[in-house]
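Trainee: Single-letter residue listing:
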Amino acid sequence: MIRVDGLEYTYPGGAKALDGVSLEVPEGSFLAIMGANGSGKSTLLKHINGLLTGQAGSVKTAGMEVRRKSFEEVNRAIGFVFQDPNDQIFAPTVRDDICYGPRNLGLPENEVGRRLELAAEQVAITDLLDRPIHHLSYGQKKRLSIAGVLAMEPRVLVLDEPTASLDPMGERRLMRLLHDLNRGGMTVVMATHDVDLVPLYARQVCLLRAGRVAVAGGLRDVFNDRELIERCHLRLPRISYLFEMFPDLEELPLTVGMARRELEEMLELGELGPVVIDRLREVKEGLAGA
Amino acid sequence: MIRVDGLEYTYPGGAKALDGVSLEVPEGSFLAIMGANGSGKSTLLKHINGLLTGQAGSVKTAGMEVRRKSFEEVNRAIGFVFQDPNDQIFAPTVRDDICYGPRNLGLPENEVGRRLELAAEQVAITDLLDRPIHHLSYGQKKRLSIAGVLAMEPRVLVLDEPTASLDPMGERRLMRLLHDLNRGGMTVVMATHDVDLVPLYARQVCLLRAGRVAVAGGLRDVFNDRELIERCHLRLPRISYLFEMFPDLEELPLTVGMARRELEEMLELGELGPVVIDRLREVKEGLAGA
Amino acid sequence: MHIPEGLLPAEQAAAWYAPAMAFLGAGLVGLKRRLAVLPSSRPLVGLMGAFIFVISLMPMPVPGLGTVSHPCGTPMAAILLGPLTATVLGSVALLLQALFFAHGGITSWGANIISMAVGGSFAGFAAFKLSRRAGLGLGISAGMAGVVGDLVTYGITSFQIALALHGDESVPYVWGAAFASFLPTQVPLAIAEALFTAGVVVFIANQRAEILDGALMRP
Amino acid sequence: MTESSGNNDNYAWGDSFLSRIDPRVKIVAVAGLLAVNLAGASYLVSAAIATFMALLMVLGRIPYRRQLLMIAFPFTFALFAITSQAVFKGSDIVASLGPFDFHLDGFYHGLFLALRIIAGGLVVVVLGVTTPLNRLCLALRWFRAPATFVEVVQLTYRYLFDIHAEFSRMHEAQRSRLGWSSAGAGLASSRMLGGSLFLRVYERGLRSSEAMRCRGAGNVVNGTLSPPGRLDLVAGITVSALIGCLIVLALGGPA
Ligand SMILES: Nc1ncnc2c1ncn2[C@@H]1O[C@H](COP(=O)(O)OP(=O)(O)OP(=O)(O)O)[C@@H](O)[C@H]1O
Ligand SMILES: Nc1ncnc2c1ncn2[C@@H]1O[C@H](COP(=O)(O)OP(=O)(O)OP(=O)(O)O)[C@@H](O)[C@H]1O
Ligand SMILES: [Mg+2]
Ligand SMILES: [Mg+2]
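The listed protein sequences correspond, in order, to chains A, B, C and D.
For the first sequence, position 16 (counting from the first letter as 1) is numbered 16 according to the working numbering, and the numbering increases by one without interruption.
For the second sequence, position 262 (counting from the first letter as 1) is numbered 262 according to the working numbering, and the numbering increases by one without interruption.
For the third sequence, position 17 (counting from the first letter as 1) is numbered 17 according to the working numbering, and the numbering increases by one without interruption.
For the fourth sequence, position 149 (counting from the first letter as 1) is numbered 149 according to the working numbering, and the numbering increases by one without interruption.
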């Protein structure tokens with residue numbers, strides 16, 4: 001679906017933001033792009049929809065070569081959510097902003113209305129539709145920026161830190177929505193810093209480091225290399241750290257669900273058994289001695 | 001240190017953002033303000049440093065009544081980090097932006113230089129000092145916005161979602177810094193959506209809901225009321241959900257450390273023992289039956 | 001100052017409208033082409049329009065006459081985008097000011113376009129070009145554009161007012177009187193406009209030279 | 001301090017019968033009223049228009065303080081018209097001051113002009129204050145105004161907000177880091193503000209025009225006007241009747 005080949009980009013200011021990035025995102029993927037601040041995530045995403053065009057290398061999105069000329073066409077297939085909602089929303093009211101994209105797709109007014117309602121519902125801003133956009137809180141702006149793109153019903157969704165400054169319920173809601181859309185066939189690519197969220201939803205991870213791909217692959221490929229993760233200014237999910245107390249564990253669990261299964265398994269298979277029995281013995285001896 | 005009394009505020013646009021907020025933050029506190037998007041967190045924080053002044057009620061910060069007139073004086077004592085770094089930084093280069101505050105404090109140039117270096121170091125942007133600010137990534141801007149305030153060495157630090165869009169290492173670094181500063185006597189108030197972070201660092205929590213204080217108090221006061229938490233669009237820390245598998249637990253742990261102690265305690269005191277032994281028996285029987 | 005709604009007699013309002021619409025039409029044709037070829041020039045176009053709106057809304061009282069005066073902003077726009085585009089932007093700014101601040105008017109729109117949007121842009125642009133050709137620096141040339149554009153605008157406005165209000169006196173006499181009474185405010189304003197225009201143009205040339213249209217900037 | 005202060009759209013979004021009238025009807029009505037105001041050349045006509053508009057402002061509950069602010073500009077001009085006419089026009093000298101004679105008939109003519117200015121100003125103000133610009137632009141397009149022109153109107157309008165927003169953002173940020181605590185600091189801060197304002201608005205504008213392109217920006221005027229309804233019919237008939245009466249008044253009445 002997306003294919004990036006040897007991409008390089010140096011900003012006019014002088015920073016070399018991408019230094020030979022190659023990446024393949026098959027149709028139907030759910031890819032998380034992670035990396036330190038300034039590692040090039042936003043720059044890479046902007047190449048995928050053609051806001052920036054590489055000085056070297058090539059990008060293909062949805063079967064089209066991404067070029068200055070193909071910008072409009074590419075952006076019909078792809079929805080792009082900016083990192084800062086203040087950069088993205090511009091219409092006078094929430095309603096106008098959500099309708100903007102669908103109208104430009106040339107949809108009839110009743111279809112525009114349907115999409116408006118659906119998108120507003122999906123990010124829970126239905127009660128704000130008539131607000132001027134400069135009368136929103138930051139998180140509300142973020143929601144609006146996502147709704148404006150959802151309403152275009154793209155085949156590929158590219159989001160730059162969509163969950164930053166959403167409240168936890170909004171975050172869960174959005175991630176479930178992305179999950180469902182992805183199940184329905186949409187390709188989702190998101191940049192994020194939320195290490196605890198990624199293993200819950202993403203199926204592929206790409207780690208950037210100083211403009212290069214440090215590693216790309218399945219969850220395990222990435223999270224098993226702890227040293228690399230730390231060099232990329234990331235960490236393991238919090239839950240993993242809990243399981244460091246069991247040094248014999250082969251793989252640390254990454255999500256609460258995995259941790260739960262792990263604990264249950266330990267109990268079932270008796271791995272913990274000897275420890276517990278030892279401890280129990282100690283305790284009993286202690287009590288007897290007292 | 002901060003005392004808010006019956007504060008009300010309605011935006012010119014019409015939204016009633018604060019609806020009778022009272023809050024007391026003693027000197028040396030580390031307070032997290034949480035709540036759904038649009039619940040009034042930013043509006044409350046802007047009243048604490050005087051960017052907004054209430055239509056009803058009063059605010060006292062660092063012993064001073066916060067008024068339009070006392071704005072300068074209050075802001076000498078308090079450092080305020082905005083939610084959107086694009087709102088906060090304005091000088092041509094990173095260096096100029098960090099130095100802006102200290103210079104306005106009338107400090108001698110060598111002291112300004114010392115603070116510049118210290119603050120840049122604290123948020124790890126030392127290598128960006130000569131960059132124009134519009135040549136930064138979003139996370140780098142966020143770091144800069146924090147550095148500019150740290151360099152003023154205020155007695156009270158008020159931060160609006162300081163960790164949003166920082167990478168995990170930057171987040172940990174910042175939170176440790178805040179922790180140390182707080183230990184050294186600084187009062188810290190931060191709005192945040194990161195439920196997993198709060199129990200690690202904050203000692204008091206204030207939950208806002210639709211412009212009112214839903215609950216304020218210690219960590220346990222807030223996190224033990226699950227229903228309320230969910231009504232405020234929050235959730236428990238992820239680690240807590242893992243421990244729901246032990247239905248007899250009196251209190252769910254909130255951090256990895258607490259969870260670890262909990263598990264160890266369970267093992268020591270044999271609470272888990274019977275379960276394990278039962279399971280082991282089942283397994284053995286199963287094996288024997290096969 | 002912009003001529004308000006209702007001041008001009010109907011036939012004069014109509015007479016000013018005709019040339020104004022011709023200039024505006026020509027400007028629109030050029031601007032349409034520019035936006036098609038260079039979609040990324042939209043922000044600059046919008047920004048300059050807004051700047052003209054803001055600049056020509058800073059009121060300064062004119063002593064003795066009880067009216068107010070202000071800088072124009074069109075010379076700067078003409079330097080950055082060319083005089084015809086600046087005419088369009090000036091016209092739009094005038095229309096919005098009329099709508100939102102009753103500053104200027106709808107029937108007097110034509111007259112105001114001629115003085116501020118056309119007069120300010122073309123005179124300012126000509127001054128800039130001539131100064132550049134005479135070998136003056138970028139800042140000084142921009143300053144010249146500011147002074148000349150500003151004074152020409154006021155010359156035309158005073159004439160329009162004189163034509164409408166001369167009563168039983170001769171037009172040149174009233175024109176002279178009006179121009180003279182604006183002078184104490186207008187000279188400092190023209191200087192302010194010069195400093196401002198020079199400041200912005202030099203600032204942009206230093207910081208973001210790429211947004212300047214190379215063809216327009218050549219000496 | 002707040003981004004919303006000082007813009008008229010706050011009112012235009014508000015719900016009043018005036019803001020609900022179809023903008024196309026309003027444009028025709030305003031054109032008609034302005035035309036009779038000028039061509040009528042009668043103080044009765046202008047007085048009638050001014051009264052009608054004042055009535056609308058009261059009925060539409062347009063904020064009182066804003067009303068005064070809005071007619072400040074035309075008001076200074078009205079005074080100017082009175083004094084200038086008293087000096088330059090007429091034969092009936094009532095007083096002299098140095099080289100200037102004051103004429104009574106000129107003074108009356110000035111009063112008439114002043115009335116015409118106030119009436120015309122009010123008409124435009126009511127249009128501006130009760131019509132969101134977006135709808136006005138849609139109406140302009142309906143009347144076949146050139147697309148480029150309408151686009152520039154919208155661009156300019158949006159950048160006005162951006163300038164205002166960036167200005168207040170920077171000013172707030174500077175204030176909270178004590179940038180305006182002394183005269184010296186204020187001077188330095190204002191220079192920084194002035195210098196950066198242009199670039200900041202430009203940068204933000206670039207990014208949001210990128211965002212527009214991502215969502216298929218073609219035409220800036222985006223949306224449709226619903227067909228005129230009963231309210232529009234009533235408004236149209238009322239204004240037509242008024243204009244009819246005024247024409248009769250202008251033809252028959254005193255000049
Ligand atoms: N400038 C403004 N003008 C009008 N209303 C506003 C403005 N800013 C915020 N509001 C409204 O006031 C309420 C409180 O906003 P506030 O920004 O304080 O929320 P918040 O808790 O900080 O939310 P978030 O988590 O999204 O940052 C919201 O309903 C919001 O829509
Ligand atoms: N407009 C710009 N001009 C010049 N350099 C830039 C610009 N934007 C980003 N950079 C630089 O390019 C590099 C990559 O930036 P990018 O925005 O892609 O990082 P990112 O991974 O998205 O970071 P973040 O997590 O902070 O959003 C950084 O070193 C940054 O300083
Ligand atoms: Mg980024
Ligand atoms: Mg907020």
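For the record, the hints were derived by calculation from the structure and aren't laboratory data.
Treat the hints with caution; some may be incorrect.
As the list claims (entries may be wrong) - Result set (SDA-like, lysine to any residue): computed pairs, CA atoms no more than 20 Å apart in a straight line:
hint, chain 1, residue 1, chain 2, residue 2
1, D, Lys89, C, Ser170
2, B, Lys16, A, Lys16
3, B, Lys16, A, Lys60
4, B, Lys16, B, Asp5
5, A, Lys69, C, Glu169
6, C, Lys129, D, Glu210
7, A, Lys16, B, Pro132
8, A, Lys16, B, Leu129
9, A, Lys69, A, Lys16
10, A, Lys69, A, Glu121
11, A, Lys69, A, Arg3
12, B, Lys60, B, Met1
13, C, Lys32, D, Leu104
14, B, Lys16, A, Lys69
15, D, Lys89, D, Leu104
16, B, Lys69, B, Ala124
17, A, Lys69, D, Leu104
18, A, Lys16, B, Gln55
19, B, Lys16, B, Lys69
20, D, Lys89, C, Glu169
21, B, Lys69, B, Asp87
22, C, Lys32, C, Met21
23, C, Lys32, D, Phe143
24, D, Lys89, C, Asp168
25, A, Lys69, D, Leu206
26, B, Lys60, B, Pro132
27, C, Lys129, C, Gly199
28, B, Lys69, B, Pro92
29, A, Lys60, A, Asn104
30, B, Lys16, B, Gly54
What the hints assert, rightly or not - One-sided excerpt, in silico: chain A residues whose CB lies under 8 Å from chain B:
hint, residue
31, Gly38
32, Arg203
33, Gln204
34, Leu219
35, Glu265
Glycine included, each C-beta is placed from N, C-alpha and C at the ideal position.
Trainee: Run through the hints listed earlier and report the numbers of any the structure violates, in increasing order.
Mentor: 2, 3, 5, 6, 9, 10, 13, 14, 16, 17, 18, 19, 21, 26, 28, 29, 32, 33, 34 and 35
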